[in-house]
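Required output: the full structure, derived from the provided sequences and hints.
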Amino acid sequence: MRRETLLNAVIMGALLLVPLWAWVADEPFTITLATRVAILSLAGVGLNIALGLGGLVSLGHAIFFGIGGYAMGILASHAQDYSPLLESPFLIEGTKSMPVIWLVAIVTSALAALVIGALSLRTSGVYFIMITLAFGQMFFFFTISWPAYGGEDGLSIYVRNGFPGLNTLDPIQFFAICFVLLSLALFASSRISRSPFGLALTAARQSETRVLTVGIDSFRLRLVAFTISGAITGLAGALFADLNRFVSPTMFSWQTSGEIIIFVILGGVGRLFGPVAGAALFILLEHFLGGLSEFWQIYLGFLLLAVVLFARGGLIGTLAGREVAHD
Amino acid sequence: MKLKSLILAASMAAMASGAFAAAHGGKVKVGMITTLSGGGAGLGIDVRDGFMLALKMAGADNVEVVIEDDQRKPDIAVQLSDRMIQSDKVDVLTGIIWSNLAMAVVPAATAQGKFYLSPNAGPSALAGKGCSPLYFNVAWQNDNLHEAAGAYANDAGFGKTFILAPNYPAGKDALTGFKRFYKGELAGELFTKLGQKDYASEIAQIRASGADSVFFFLPGGMGIAFLKQYKGSGVDLPLVGPAFSFDQGILQAVGDAALGVKNTSQWNKDIDNPANQAFVEGFQAEYGRLPSLYASQGFDTANLLLSAMEKADITDAAAFQAALEAAEFDSVRGDFAFASNHHPIQDIYVREVIKEGDVFTNKIIGTALEDYSNAYVDECKM
Amino acid sequence: MPMSMSARCSTDRPGGCKPPGQLGRRFLMSLVLLMEQALNGLQFGIMLFLMAAGLTLIFGVMGLINLAHGSLYMVGAFAAAAVAGWSGSFLLALVASLAAAALAGTLIELLVIRRLYDRGHLDQVLATFALILIFSESTRWVFGSFPLYLQVPAALAGPITLPGGIQYPVYRLLIIAVGLAVAAGLFLLISRTRIGIRIRAGENDREMIAALGVDISRLYTLVFALGAALAGLAGALVGAIQSVQVGMGEPVLILALVVIVIGGIGSIKGALVGALLVGLTDTLGGFLLPVLFGAFLEPSAAASVGSALASMLIYILMAGVLIFRPTGLYGAGT
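Protein chains in written order, with this note's numbering: chain A, 1 to 327; chain Y, 1001 to 1382; chain S, 2001 to 2334.
Treat the hints loosely; a few may be bogus.
What the hints assert, rightly or not - Straight-line alpha carbon distances no greater than 20 Å define the calculated DMTMM-like cross-link-like pairs of lysine to aspartate or glutamate that follow: (1) Y:Lys1089 <-> A:Asp26; (2) Y:Lys1029 <-> A:Glu27; (3) Y:Lys1172 <-> S:Glu2298; (4) Y:Lys1089 <-> A:Asp81; (5) Y:Lys1129 <-> A:Asp81; (6) Y:Lys1183 <-> S:Glu2298; (7) Y:Lys1160 <-> S:Glu2298; (8) Y:Lys1179 <-> S:Glu2298; (9) Y:Lys1056 <-> Y:Glu1328.
What the hints contain is simulated information worked out from the structure, not anything from laboratory work.
Below you can see the structure in the form of structure tokens.
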């Protein structure tokens, strides 16, 4: 346990210090890369609540990532063109303010997660994986052929949205925003896992009958977990869109869902800082593997395979030992 | 979410020029973001090879190229352009194949004061309201080849054409482009699923529609599947489409099913001018295969850049822009000029698929549009 | 619109075209087209079944969710294209596709897959996702980035006329025949043969059958190789009328997953029913929805909206089935 805490401190310290160093050394791209790690970690932290705590293997978290992204894209594009989002029955204007966008992203993705969760949680096991995949595909094909917001071409937002008192165009300041949000999400996630709710959720994952006998409705537990999970991933989607100043249906693709899962597993399922370690490792690996050959994805495949087969518990599980491993 | 860094600059440029000249003035650093892995890699590889060949043939030792794989993912492309601008400090960006990736990268890149030379994608938004003084398209505006197909359909006397394309923005632009020039009536209009590989249902509708011809835009594997299934269906109405389903890389996979099909293109290997002959021979000698449309576009892009570098220094953006606008290079297409929205004014030809020995290829049989630019010139206010 | 016959009417019978007769003919034509589309849906369904059969077999027996099934489909298609190019024989190409996919299947079963049987679905998803990356890029490394040539043999190339005047490609009828033969063969294998008995026993109680002296790991390798061979055969058969290229397996994999989930994972019968449902829904939806929207939208918009909805239709079908039957139509429950 102490080793894991130490390791967590090292991971977060590195994620904070590397961009600071890059800021001093005037290496803006390194800051961008670290921002990317922070945002994708946030998406993973969201998934980890469903996956690690609740045991819900969702192959549809790209839905919430994409909804967050499009919340940003749609609001900002209307603000950019000075065209209202809705005129009747009441006027809704677009916005370029990050806090408002975040709120919309969180609320819409939570609502989507509530509905999709309520339908999907009727199933379990591999059927749950597949029904979440099906919902993801619906969103993907819908956005591709929906002409209003660019279809497959996506939406470009020319200037990054604003945050009161900060210059978000400055890479280090935008990184700071993402880092703070990631830290908040990690804090919330750790509180949730230790709360009665989190303990009941863990118990329901390990033994359905055990929680039933004490009178807990496991369906509602899981639904709440899935909704919180979707909301956090949705926030990450809005930030990701702001990082790229662009959204497109790719955010909804099943490969995106798969990659968020990979972050979680690489780091260690159910580990609080697993997604951070996983996302950082994934992005670093690709950065360096990419230099080796045009066929670098072969190496990536072998590495992933090795992690699944030989390094159960992911990066954190391997380095910190298996004493608190979750299965 | 994947990052690839494949810096070929040193090796390729060194191979191209023998050695790096120590020249500082007039040196240009190019960032090439293109698709080198996955299913669409063939196009990116051709653009890259065409571009590098032009540098080699010109003996250009003052161009440094950083090449990266975008994996056909918009977010990766954006990340790469950020890296190239912020970290590699490139002067010019180029290489993107797909419109959706171009839409993700180009507005931000030009907003940061970088030139972007497009060797392939030409979405209408960048030709019209979203045009930029720093953005140049060396290939075509997306609608061009479809418009030419519409013009050809008129010349061929088609009066009842059935048209189909995938249901995504480029597909809709394709049908709009075709209809802009086509004067006959439509026997039917269909949008297929993006990535669809089975066209039995569409072919049955074509047969039942009483059409006298078919226009289709189905790039990549979709086109291969459609052509094979169309041939097997026994429907033998004349087909016409843009060159994308008939380029050198794809034709071999389609085989006999493509023989005799008419397609529209701004380039073919039999265009008779010295630049094109040198290009076709040079490409075959260097890479051991026939060049494709995409390779010709990469080749022209590099030569355009070199021609501008001779006339102006990249640090003087206004002068460099004027030098690019002049487009004083020997295009493999023959006559080439830029319209006021920085898209080509060029001839678009009708080609027919033929077999030369064992190799399927195209020959030019006519001209569909002469000195044509595009429909968005007036919308562009620079 | 596709079904408009007004032009034909005026040329065939100048001046004598009465509305009722025209309507009758239109109706007949539409009916024939509808029947042809139903046949196309059936055929598409059978094509999906070829792919889904191996996937559901592997899941049913070993409890393994194998995303790399699409890669085996690709291996089969590439092997067929290579052998057809070298020998010119389509039959030899089909044999090669079976052999290559079975070999690749055996190899990954021995090296990777067998370590995954005891793991959760999550590990299986990730490991087989890694296999996709390895297979795809290795294939590109060996065969290059351009699509390969694989053509239907000349003898099967053309169409024949079916009763009702429907012109239908012979090759597609062949696919229907092969699909039905595979379905029948699998039913027989499972219900009548000794291997089938062991497979069924293994599905129910793995320890018990091992205790009875059956070499369970060899049985698993065999089943996996069989499933892989079926995927490879599907790749070659379908590749001949579609396209043989890197990445061809993934879209089909998703469709096959939809099929087996609708049918109930592990059930061959479910896979057949699911495949036909998906095939018919997709084909008829893609055909009818634009016509439906055409009643109140202009043609271009109708085609666009109709096709957008049609592309979501099978996923809506799948979600609908699972909401009412959480383990699919013929699923045993998890």
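We went through each hint and held it up to the structure:
| no. | hint | in the structure |
| --- | --- | --- |
| 1 | Y:Lys1089 <-> A:Asp26 | 12 Å, holds |
| 2 | Y:Lys1029 <-> A:Glu27 | 18 Å, holds |
| 3 | Y:Lys1172 <-> S:Glu2298 | 15 Å, holds |
| 4 | Y:Lys1089 <-> A:Asp81 | 31 Å, violated |
| 5 | Y:Lys1129 <-> A:Asp81 | 12 Å, holds |
| 6 | Y:Lys1183 <-> S:Glu2298 | 19 Å, holds |
| 7 | Y:Lys1160 <-> S:Glu2298 | 18 Å, holds |
| 8 | Y:Lys1179 <-> S:Glu2298 | 15 Å, holds |
| 9 | Y:Lys1056 <-> Y:Glu1328 | 19 Å, holds |
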